[in-house]
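Asks: Chain by chain, the residues:
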Amino acid sequence: MYDFEYHRAASADDAKSKFGGADDARYLAGGMTLLPVLKQRLDQPSDLIDLGDLDDLRGISEDSGNIVVKAMTVHHDVNTSDLVKSRIPALAHLAGTIGDPMVRNRGTLGGSLANNDPAASYPSAVLALNAAIHTDRRTIAADDFFEGMFTTALDEGELITGVSFPVPEAAGYMHFPNPASRYPIVGVFVAKTSDGARVAVTGAGACVYRVPEMEEALNADWSPDAVAGIKVSADGLNEDIHASAEYRAHLVTVMAKRALAA
Amino acid sequence: MSSYSIKMTVNGKEVTGEVEGRTLLVQFLREHLGLTGTHVGCDTTQCGACAVHVDGRAMKSCTLLAAHVDGSDVLTIEGLADGDTLHPMQEAFREHHALQCGFCTPGMVMSAIGLVNDNPNMSEKEVRHGLEGNFCRCTGYHNIVEAILAAQETMRG
Ligand SMILES: Cc1cc2nc3c(=O)[nH]c(=O)nc-3n(C[C@H](O)[C@H](O)[C@H](O)COP(=O)(O)OP(=O)(O)OC[C@H]3O[C@@H](n4cnc5c(N)ncnc54)[C@H](O)[C@@H]3O)c2cc1C
Ligand code: FES
Ligand code: FES
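Protein chains in written order, with my numbering: chain X, 1 to 262; chain Z, 1 to 157.
Keep in mind that the hints are not guaranteed to be accurate.
[What the hints assert, rightly or not] Simulated coverage check for chain X against chain Z, where a stretch passes if three residues somewhere in it have a Cβ under 8 Å from a Cβ of chain Z:
(1) 1 to 9
(2) 29 to 39
(3) 47 to 58
(4) 94 to 102
Just so you know, the hints here were simulated from the structure itself, not pulled from any lab data.
Quantities reported herein were computed from a predicted structural model and do not represent experimental measurements.
A virtual CB, placed ideally from N, CA and C, is assigned to each residue, including glycine.
In isolation and in its complexed conformation, chain X is listed as follows:
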């Protein structure tokens, strides 16, 4: 790891001003992605701004039909929250599938979304539930947030503060984990929202995406059978030693079916 200047932010404002005052800074949340990246020397920031002391960016609450999860909330807390388990059980379940218990004790929602790994779990829930991402300067709709591989709508230095997840009528998540890394090879989140059915797929493509043909079928009939016959195209899907594009396309249908049965 190349060395860097380390700073601890005392508040969100302090974090932003330290970020602004540095050459080429990164925020540090749980470090479960950033530190492995730095160890591999894939990135060389001049400064790290640690968000660990920002207690007001931690916590889960309910606010007019939304479950609001603050950015620094760790995966373990989402997985075990009584509020999340009772209002959006599929979201609690998803948080419990991320990595392993020690990763879940440290990794945060904000870090996961800012990073937007093609195989990250949370983006599927955020997109399917039509959640809103709150930052220090605006609110971004899920449909506008995830732009491409490791790319989001966030501007330089923009700080995610939390996410509002509208409580759906029904939802489910199922993934097929890579047996070594535990990241989803394909994960599918289905939700029956006030705007109709939404289906979001992670792991299969360069970035999380929706499947309109499944959504249409589910608007007519919310059941595993409704999607069982829908084959998605393998064009442009990821291909690696773990799974071919065709296999990933096949898994999208299987995981969607299982998510609806869950």
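Given the structure of chain X, go ahead and fit chain Z with the ligands onto it with the hints provided.
Replies: Coordinates of chain Z with the ligands only, in the frame set by chain X:
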């Protein structure tokens, strides 16, 4: 680059040190404090050999900065036994022959105590899932799982 003065509690004792921004917690424990019970297996956040508790939660110390943990309460494998009396999890590992080469063992024990603290009524399946972040190249896990199931009974009291 700058150096940073840090202070934390390790196994009940207050310790201080001077570290670089990039110094990992596991480096601080092993190289600055001489606490070599915490191992580095992969250095890529996968194997769990480096597991310690930070403020009561099990974490991978190869993927925490020492500066990040400044002011925290850290527990390592060296802090478990009470004199000659092993912690119930250590005793169960011994009793159930849950180790061969022993390389993974400190991390297994620290991680397992974290699992029992979270849920002292785990099924065998839950124990196996709980160990997803801990690799053992020797035992095939069977006796590790047996040991944790036995230790959770003792720890429940
Ligand atoms: C062994 C292992 C297995 C894993 N398995 C999975 C898995 O199955 N599914 C999955 O989704 N993830 C997985 N992860 C990744 C994990 O979920 C990370 O915790 C997460 O991706 C990043 O969160 P973090 O808090 O650790 O962020 P960090 O690593 O601290 O930061 C990641 C990036 O986000 C930026 N950032 C952090 N917080 C904010 C913020 N509030 N506002 C703006 N930018 C911010 C940082 O600058 C950095 O660029 C795994 C990780 C490991 C090590
Ligand atoms: S050495 Fe830390 S997880 Fe392997
Ligand atoms: S006992 Fe040798 S790695 Fe586990």
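Asks: Holds or violated: the stretch 1 to 9 of chain X covered by chain Z, criterion of 3 or more residues with Cβ-Cβ distance under 8 Å?
Replies: holds (count 7)
Asks: Against chain Z, does the stretch 94 to 102 of chain X show at least 3 residues with beta-carbon separation below 8 Å?
Replies: Satisfied; 4 residues make the cut.
Asks: Okay, the stretch 47 to 58 of chain X and chain Z, do three or more residues pass the C-beta test at under 8 Å?
Replies: Contact hint for the stretch 47 to 58 of chain X vs chain Z: holds, 3 residues under 8 Å.
Asks: Examine the stretch 29 to 39 of chain X for residues whose CB is less than 8 Å from any CB of chain Z, and state whether their number is three or more.
Replies: holds (count 6)
Hint violations for this structure: none, all hints satisfied.
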